[in-house]
Amino acid sequence: MKRHATNVVGFAVALALLGTAWPSSDARAQAGGLAASGLVGKVEGAELVLDKAQMPKTFNEAPDLAALVKAGKLPPVKERVSEEPLVVKPLHQLGKYGGTWRRGFLGPGDVENGNRINASDKLLFWDYTGTKIVPSVAKAWEMSPDGKIIRISLRKGMKWSDGAPFTADDFVFWYEDLYLNKDIVPSPISDMSADGKQGKVVKIDETTVEFQFENPHFLFVELLAGDTLIGGGQSVRQAQGFTFGAYSPKHYLKQFLPKYSSEDAVNQKARAAGYENWVKAIHVHKDWSLNSELPTLGPWKMTRPINSPTFVLERNPYYWAVDTAGNQLPYIDRVVLTLAEDAEVINLRAVAGNYDMQERHITLSKLPVILENQAKGNYKVRLDLALHGADTVLQVNQSFRADPEIAKWLTNADFRRALALGIDRDQLNETFWLGIGTVGSPVPASSSPYNPGKEWDKKYANLDVAKANQMLDALGLTKKDGEGFRLRTDNGERLRIQIQGVKALLPWPQQGEMIAQHWRKIGIQADVREMERNLAMTRVRNNEHHIMMWSNGGTELLYLFPRHAIPVDPTEAFMGPEYAQWYVSNGAQGREPTDPEMKKIFDLFRSAPGKKDEADRIKIAQEIWKILVDQQYGIGTVGQSPAQFGVRIVSNKLGNIPERVCIAQHCRTPASSHPETWFFKE
Amino acid sequence: MKLAHFFGFGRTAEIGSAEDRLAQASQLKLTWWRFRRHKLAVASAVIVILFYLVAVFADFLAYSDPHDTDSRRSYIPPQAINFIDDGAFRPYIYGLKGTRDMRTFRISYQPDLSRKVYLTFFAEGYSYRLLGLIPTNRHLIGLVDPRPEDNLFILGSDLLGRDLWSRLMVATRVSLTIGLAGVTVSLFLGVLLGGVSAIYGGAVDMAVQRLIEIIRSMPTIPLWMGLAAALPQSWSVLQVYFAITVLISLLGWTDLARVVRGKFLALREEDFVTAAELAGAGQMRIVFRHMLPSFLSHVIAATSLVLPAMIISETSLSFLGLGLRPPAISWGILLQDAQNIETLALAPWLLMAAIPVIVVILAFNFLGDGLRDAADPYG
Amino acid sequence: MLAYMTKRLLLALLTVWAISVLSFIIIQLPPGDFVDAYIANLSASGSVVSMAEAESLRILYGLDQPIYVQYGKWMLRVLAGDFGESMEWKRPVIVVIGDRLWLTVVLSFAALILTWGLALPIGIYSAVRQYSFGDYVFTFIGFIGLAVPNFLLALVIMYFSFTLFGANVGGLFSPEYDLAPWGWGKVWDLIKHLPLPAAILALAGTAQLIRIMRANLLDELRRPYVVTARAKGLPDTRVILKYPVRAALNPFASTIAYLFPYLVSGSIIISLVLSLPTVGPLLLKSLIAQDMFLAGTIILLLGVLTVIGTFISDLILMWVDPRIRYQMD
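Residue numbers (the working numbering), protein chains in the order written: chain R, 1 to 682; chain C, 1 to 379; chain Z, 1 to 329.
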C-alpha cells in the first residue's frame, strides 16, 4: 500500500502547524474588561496518548462492572476495551468511578443535547483546541496521494455496547443496506461525492475499510472529522430520521430489513410493534435516543429514551477508551437529563445548582444572575469564546424578486455597505452581549487560519453615519419624507426594508429593533418582523425575506459548514435561496446569479475539494471571505462571544474540567473536552 | 314588580312624590340610580374613563420616544425626582452615569450630583399627532436642555434603554383599543347571532347553538395559535393588530350571544310584550322599542365583563409569541419583556407593567358587576 | 325523554366530528409542515439537515399527500381506536398523551376543587351581604386572581420561592422521585407539589364562579319563598342554605363542563412557565412543531371530554330541576 503517502502524524502536524495560534491567543478577548472577570481561562483539555509505548497494558473497571464480571454476566475488562483501546490522558488527574451527571433538556427535539455528550462515536474527531484532527472510533486513517482513496483502520477486537464485534462489515452494511436503499435514503449526499461522482465503501479486511472515489476528494478527511453528514457519527447522524455516519450495527439492524427476510415479514414485525411499515420502524430502531436496545459506541448508552420525562444514559460497559492507568472510561456512571418545558426553567434550575454541568440553553443575558448564585448553587461559571465571526449576521437575500425596487437595493453593494456602516455595534455589544463580544465583520477570529487578514476584521464594521448617508445619497436615494426616511425611486413611498428575526439562539428581534433605530439616522426604515422559527424558515425557502438575522456559527471551518456564510445549501440559504438551488443542482434548478462576485464565490468554493494542498484550500477560503466582506452579503455585528453554548455552569464537585473549551460547531461541545474523563471528586 | 314595570310604561301614575319619581323615570334613569348605589362600580367607572383618557392622550403623556434605544441607559431603576431646588418648586433630576462591573456584569448607575437637569411642563420632545390630527412635539413633561444621554425615567428603563413610562402610555392606547374594537365585533356578532337564534328558533337556533357549543368545547389557545399563525407575515403591524382583534372577538361573542338569546326568550313571555303584541305592534317595533331597552343594560354589563377577558387574551397571546409582536407596543408585549429571570433579578421595576393591566381589569369587572346589578332596576 | 336524549347524543357526535375537522384545519393553517418545523428546530440547535433528507422525511410522514387524504386516513385510524403516531415524539400519540393526561386531570381537578372551595363561600357571602365591606374585600381578592396575568404570577412565585425559600424549581416531582417508580412516596411528593400550580390555575377561574354564584343567589334571595321563610322567622343560615343556595347551584353545575377546556387552556401557559408535565405544553409544542396527529388528538380529546361533560351536566340538570324538563317537552 505504498500509494498512501500521508500518514496519521503527518496530516495532524500539517494542521497543527497551521493552527498553532488558534484560540489560545484571542488577544482581544483577554484584553480589557473580560480578563478582569476571571471567567475566561486558557483553552485546555484531555489529550490522547497515541504513542504505543506509553499505553497501559493492564485494565481496571468500574466497581459495578467488576461485580458483573465476577458474577459471570460480563466478559473481563481486557476483552471489552478492545486490543487497541483509545488512551485518553485526563486533564488534571485520574478520576474516581461513580456519580450521576445531572443535566436539563427540552424534549424530543433536543436530541442534539445527548448527541453531543456521546459524540466520540465519530470516526475522527478534533483535539480540545479544535485545530487538530485526531483518531476516535477509527484508530488511524490514510489518504492516497491522488486523493481518491481514504483508508480507515479500526481497533482490533472493538465491541458494540451489547458485546458484539464492531468490524468493517458494519460499514459495508451501512453503505449497501442503508445508504443505497432508496426507501431509507432517497437521495445520495454530497459528502460522498467527488466532483459529482458518488464514492463507495469497500471492506479490505475485518479492521480495514476504504472510501473509494473516482475523482480526488481531498476534503474527505476533514469531512470525516467535522460535524457533517458522513462524519457525524452514529449518535447524531442515525437519529432524527437520518441515516448517515458511515457505520451501523449490522447484527442488530438486519432483522428489520426486507433483504434479510422478506418485505412481508419485516412489515408484519413493524406493525406488531405499532409502526405503519418497516421504513417507519427502522427509523426508530436505528435511533439511539429512542431505542434502548440499539447497540452503540458512545461512552454512555441510553436506558430511558428521549421521549420520556427523563432521558437517561448509562455507562457503556464495552466503551473502547481508557485513561493512562488503564481504567476503562467513562468515570461517571450515568447522565440523567430532566425535561424542562421551557429554557427559562433550565436556566433557573442551573442557577439553583440542580445541574452538574450545563452549557446548553444557558442564556448570556442571565450571566449576572448566574454569577450571583455561584456560591449558593455550588457551581462555577466559565465563559467559552466562539471562533466564528458574528453571532448576529444580517443576511441579505440576493435572489429576492417579489418587489423589484427592494431587490434593486438589496443587490446593490453600496447600499449594503451603507447599511453596514449605519449600525452602532458597540451599542449592540453592550446591550445584548454584556460588552463581552467582539464587534466586526463576519470573518472568523483573527487567530483562525481562515481569517483573511487584519484589515478585513473591521471593514465596513465601524459606525459612520455621515459616510453611509453620503453613499445612499450617491445612489440616488435623495428624496426623504417628513420624518426623514428615504423614499423609493419608483413610486415615492417610503423605502421599507424588512428584517426577519426569530427568537432562537439570541434575542434577534430585539436586536433588530435596536438596529432599526440606528438606521433611522441614515434614513432607512427597517420593519422588524418577529416570527415563529419554522414560519421564518418557510419564508426563506420561498424566497420571501429581505434580510434574515442569524448566526454564522460553524463558518469558521468554511468547508465543513458553509451555509451561513455563502448560499450553497438550500436548507438555510438566507443569502439567496434561488442561488443555492442553482448551485447544488449544477444549474438545473433555481436561478443563475447575475452578480459576478457571487459567481466567483461559487467557482472558488467548488474548486476547493480538488486542491490537494491544505494551504491552497485555506487560501481559497480566505479569498471567499474577502469577497464576502467587500460585498457585505452578510452584515456582521458582534461575535467571538460565549452567546452560543459558551456560558458553562459547572458543579464544584466535578473534576478534570477545562478552564476554557472550544465551542465551535465541529468541536461538538462538550464532547471534544472528553466528558468521559470528568469525575465527581467527593 | 314586573307589573309595575308594565304599568310604568308611558303612563303617569298618581302616587306620592318619591314614588312618583320612581314611576316616571325611564328605565335607563332607574338603572343609573341603582348603579350609583354601587360605590365600587362608580369608582371603577371613573378609573376606566381615566384609562381611556390616557389612551387618547398617550403621546402627550409620554415624554420620550418609546422606541428610542440606547445601551447607555439599559436597566435604569425608577428615578427619583427632586421637587424643591433652592427653596423653590423647581423639579429636577440628576444626570446619571452608568458603569458595568466586569465581575458581576451588572450596570450600576450613579447620579452625577454636580449636574442637575430640570423638568418642565409642556416640554418639547418627539413629534407626534395629537388626537391623530394635530402635529406637535409638546409633551406634558420633559427635560430642559438635556444632553443626549440625559433622560427621565419615572418608572425606569428596559434592556434596550427605553423608557417604561412612555412605553406604558402607548401600550395603554394599543391594548385598550384592541379590547374595545374586539368587544365591538363580539357585540355585533353576539347580538346578531343571539337575537337571530332567539327570534327564528328552530333550525337556525339549533345551528347557532351547535356553533357556540363547538367553539366553547375547543381549548382557546390552539384556536388562537392556529389562526394567529395563519396571519400573513407580510402584514403591517396595524393589519396584524386588527386581525388579532377580530380573532379574539371571534371567540368572545359566544357569551354575549347566550345572554342575548336568554334574555330574548325570557322577555318574549313577559306581559308587556304580550300587551304590545295585542296592541298590534309590528315585530320590529316590539324588538327595538320594547324588548331591546329592557335588556340593553344586561348587554352593557355582559360587554364590560367580556372586555377584560379580551385584554387578558391579548397579553396571553403576546406571551406565547402569537399576538402582537414588537416593535408594536402593548401591555402583553411589555409583560413578555418582563417574562424572564434576569428581569426579576436585575430590573424588577419592569413588572410594574402589570399594574395597569390589573387595575383596569379590576375596574372593568366591578363596573360590569355594578351595571349588572343595576340592569334590573325593578328587581 | 328518550327521544330527547337520543337527539342530544346525535348532536354531541356531530359536534365531536366538527371539532375533529376544525382541529385538523387549524393545524394546517400555518404555512409549512412538520418537516419544515423540524428542520428549523434542528438547525437552530446546531444540526445539519439537507434538502434531500427533508424530502425523504416528508414522504415518510405522508406529508406529500393532500390534506383531505391525510385527514381521511387519520379519521379511519381514529375510528379503529388508533390515534396515529406523533411525528416529533416518534411514539403512538396515545402513549405520549397517556403519560401526561392523567397529570393534567389531577391538576385540573385540584384546581377545580380549589376554585369551588373559594368561589362558593365567597359567592354566598357576597350575595347575602351585598355591598358590605366583606363583599368588597372578598370579591376583590377573587378578582385579583382574574386580573393578574397568571403566567406572570407563576414566574414570580417560582422565582421567589426559589430565592427566598430554596424551593424546587418547577415540575410536579422532586428530582429524587423523577426516576422512581410509582409508590406512596411518589404520590405524596406529587401532592406536595400540587398546591402551588393548582392555586395559580384556580385563581383565574374563581372570580367568574364567584360572580355567577353571587348573581344566581341574589336572584333567588328576592323570590317570594325566601321572603316568606324569613318572615316566618326561620334562622338566616337555614333559609339561605336550604333552598336558595341549592337552586342557585343549578346553573353553576352547567358551567362545570366548560371549566375543563378553560383550565387546560390556562394550564398551557402556567405549565410552560412552571415546567409541569401536563398536556398543555405538549399541545403548544405540537402546534408549533405542526405535529398534526398529536395536536389533533389532544384537541379532539379535550373536545370530546367537554361534550361528554356538557351532555352529563344536561342530564343531571334535567333530573334535578323539573322546570328544565318541562321546557323540553
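Calculated directly from the structure, the hints in this document are not laboratory data.
Owing to the predicted nature of the structure, the values given are computational and were not obtained by experimental measurement.
Be aware that one or more of the hints could be misleading.
Calculated pairs, DSSO-like style, for lysine-lysine (alpha carbon to alpha carbon, straight line, at most 27 Å) [what the hints assert, rightly or not]:
| hint | chain 1 | residue 1 | chain 2 | residue 2 |
| --- | --- | --- | --- | --- |
| 1 | R | K200 | R | K182 |
| 2 | R | K89 | R | K380 |
| 3 | Z | K192 | R | K280 |
| 4 | Z | K192 | R | K269 |
| 5 | R | K376 | Z | K192 |
| 6 | C | K29 | R | K521 |
| 7 | R | K200 | R | K73 |
| 8 | Z | K192 | R | K182 |
| 9 | R | K408 | R | K376 |
| 10 | R | K467 | R | K626 |
For each hint, the structure was consulted:
no. : hint            : result
1   : R:K200 x R:K182 : holds (16 Å)
2   : R:K89 x R:K380  : holds (23 Å)
3   : Z:K192 x R:K280 : violated (41 Å)
4   : Z:K192 x R:K269 : violated (44 Å)
5   : R:K376 x Z:K192 : holds (24 Å)
6   : C:K29 x R:K521  : violated (57 Å)
7   : R:K200 x R:K73  : violated (39 Å)
8   : Z:K192 x R:K182 : violated (53 Å)
9   : R:K408 x R:K376 : violated (57 Å)
10  : R:K467 x R:K626 : holds (21 Å)
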